[in-house]
Amino acid sequence: MPLIVTDALTMRFGSITALDALTLDVEPGVVGLVGANGAGKSTLIKILLGLLPATEGRAEVLGLDVREAGEAIRERVGYMPEHDCLPADTTATEFVVHMARMSGLPATAARERTADVLRHVGLYEERYRSIGGYSTGMRQRVKLAQALVHDPQLVLLDEPTNGLDPAGRDEMLGLIRRVGSDFGISVLVTSHLLGELERICDHVVVIDGGRLLRSSSTADVTGVSGVLVVEVDDRAGDVARLLREGGLDVRPAGRLLEVVLDGEGTFDAVRDAVAGLGLGLVRMERRRHRMAELFETPREEAHDVDVP
Amino acid sequence: MSTSPDGRTASAPPGGGVIHDIGYRHYEGARLGRAAIVRALYVDSLRSAFGLGRSAKSKVMPFLLLAAIAFPAFVVAIVINVTGQDEFPFELTSYAFLLYVPLSLYVAGQAPASVSRDLRFRVVSLYFSRQLLRQDYVAAKYAALSTAVLGLLALPLLLLGAGGLLAGFPASDTLAQLGQGLVGAAVTAPVMAGVGLLLASVTPRRGLGVAAVIAFFVVVTGVQNALQGLAVTQGRDDLATWTTLAAPISTVDTMIAWLFGTEPTASVVLPDGAQGLAWVAAAAALVVVPYLLLLVRYRTVSVS
Chain A
3 MPLIVTDALT MRFGSITALD ALTLDVEPGV VGLVGANGAG KSTLIKILLG LLPATEGRAE
63 VLGLDVREAG EAIRERVGYM PEHDCLPADT TATEFVVHMA RMSGLPATAA RERTADVLRH
123 VGLYEERYRS IGGYSTGMRQ RVKLAQALVH DPQLVLLDEP TNGLDPAGRD EMLGLIRRVG
183 SDFGISVLVT SHLLGELERI CDHVVVIDGG RLLRSSSTAD VTGVSGVLVV EVDDRAGDVA
243 RLLREGGLDV RPAGRLLEVV LDGEGTFDAV RDAVAGLGLG LVRMERRRHR MAELFETPRE
303 EAHDVDVP
Chain B
14 MSTSPDGRTA SAPPGGGVIH DIGYRHYEGA RLGRAAIVRA LYVDSLRSAF GLGRSAKSKV
74 MPFLLLAAIA FPAFVVAIVI NVTGQDEFPF ELTSYAFLLY VPLSLYVAGQ APASVSRDLR
134 FRVVSLYFSR QLLRQDYVAA KYAALSTAVL GLLALPLLLL GAGGLLAGFP ASDTLAQLGQ
194 GLVGAAVTAP VMAGVGLLLA SVTPRRGLGV AAVIAFFVVV TGVQNALQGL AVTQGRDDLA
254 TWTTLAAPIS TVDTMIAWLF GTEPTASVVL PDGAQGLAWV AAAAALVVVP YLLLLVRYRT
314 VSVS
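Protein chains in written order, with the numbering used here: chain A, 3 to 310; chain B, 14 to 317.
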């Protein structure tokens, strides 16, 4: 069963078009939703939660129609909003127990699940302290915990790394990856930073101005390319010249050389050139594509997206 | 079940003993429906209305005001037993009106604690992204604060009723008066709670909410008193009775007195015959309109 399907999904607010005929088909796993601020990410999440009726088109989450089965969807889905949503005057435990009850868990189960989930997101002794005194990283963990406490089939995470320092960002991304791989819960995570989603997502959807720019699996996008990356310990310029004389297309890239593959013979040519100059060959590998290359395609909209 | 083999680690904390990380476990237990969730929110909000499940500081005001509202009844119950009176010094239906000030303070404190907090911290977005509907949230909050106010009024009435029975007042008469008092409390409670919640739901700032509710209750009663005074000095007791419609508590007091034919406290004379239906309609509106306005208010609360 596909995780999320949308068909010509359109959302207009007066004269503003937030989503423009968005058609998607996403399989379970960790899915990244990338787009600049105002690209329509939060609007899409609200429609998927069944909270906002779309102007046109239809959407299904976990095989349920968002128009007709909003309540059933929200029972199976967890949601972590982008903005702050935690009361300062309660402890993380009290708060998450309450939200578990609000997800339909009986009292005892709510307490057990809360203890489990807070441990999984990495909150230990501090869970008995008031949330008011928490750091941004801890607050994000509590927000994630309340989205996971009822063991949903899918969590919608809206900009979970916002406001975190680089270390906190890495921890949060690692945690999200674990939710997908270890917990077996599908994830739809939004970000305006493509680079961070590339690391943890199985599939990335890029939207801009409410329109679909790209929807592809990370494996496809980051597959091997036809470029050989060569690193030598010295005199890279001489190696490049020698290879060009041999008829190969060589581009210097910092300390590295990028050699366009031209059959199996290219590997031998590089080896011979480096050995002939008496240099050490540090590295020779086929380069992987990067997500950012998506935006090097000649589509004008792509330039608006914030790519690190 | 997807537990990661490399997630199974064991570590020895300083206190001794070993914590085994058994990995993520899925929840296979019962999932209760929307009705149970609304009930859970109702119970939680009712407990919160007395500071239960909240900080020690939050318990002070509700219990202080509960004491302030119940203590006079306790004293009266003792006095009628000691002095051997044969009837209550006031109508039981008037108790809410007589204890209007601590009652207003209670609603002013608890209505914002109930709803402003969820708005200020934007917890509402977490409620509404679950099965709970907006109208469920409003219903649970409204019912919880109404029940709390009803409890606040029922306790002193029960104390008075028990005191009356102990003092040897005619049982049937005493129980009838107690019943009338409880009916009055059952109308007063949703009126006070509804108005309080409505005012509190407009502002996410708790302090402002408290001030707004107190100001409202004080101002409307002040205006009502002034109008009534004016009418009385003109010798127009009938007009004075009409002025009781200017404030919620005097409306309910007059309506209950008219309904049961008891002595009114808010007005000098009872509404004349069928005119009393105006007070019934007004009281009904005071129950229904704030509730409807709360529903409208929460329709516009954003999730993100």
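Simulated from the structure, these hints should not be mistaken for laboratory data.
Using N, Cα and C, we set each Cβ at its ideal position, and we do this for glycine too.
A couple of the hints might just be wrong.
[What the hints assert, rightly or not] These stretches of chain A come out as covered by chain B in the derived footprint (C-beta under 8 Å, 3 or more residues):
no. : region
1   : 48-58
2   : 64-77
3   : 141-155
4   : 183-196
5   : 258-269
Verification of the supplied hints:
1. 48-58: holds (count 3)
2. 64-77: holds (count 3)
3. 141-155: Answer holds; 3 residues pass the 8 Å Cβ test.
4. 183-196: With 4 residues in contact (Cβ-Cβ under 8 Å with chain B), the coverage given for the region 183-196 of chain A holds.
5. 258-269: Since three or more residues must qualify, the claim that chain B covers the region 258-269 of chain A is violated, with 0 doing so at under 8 Å.
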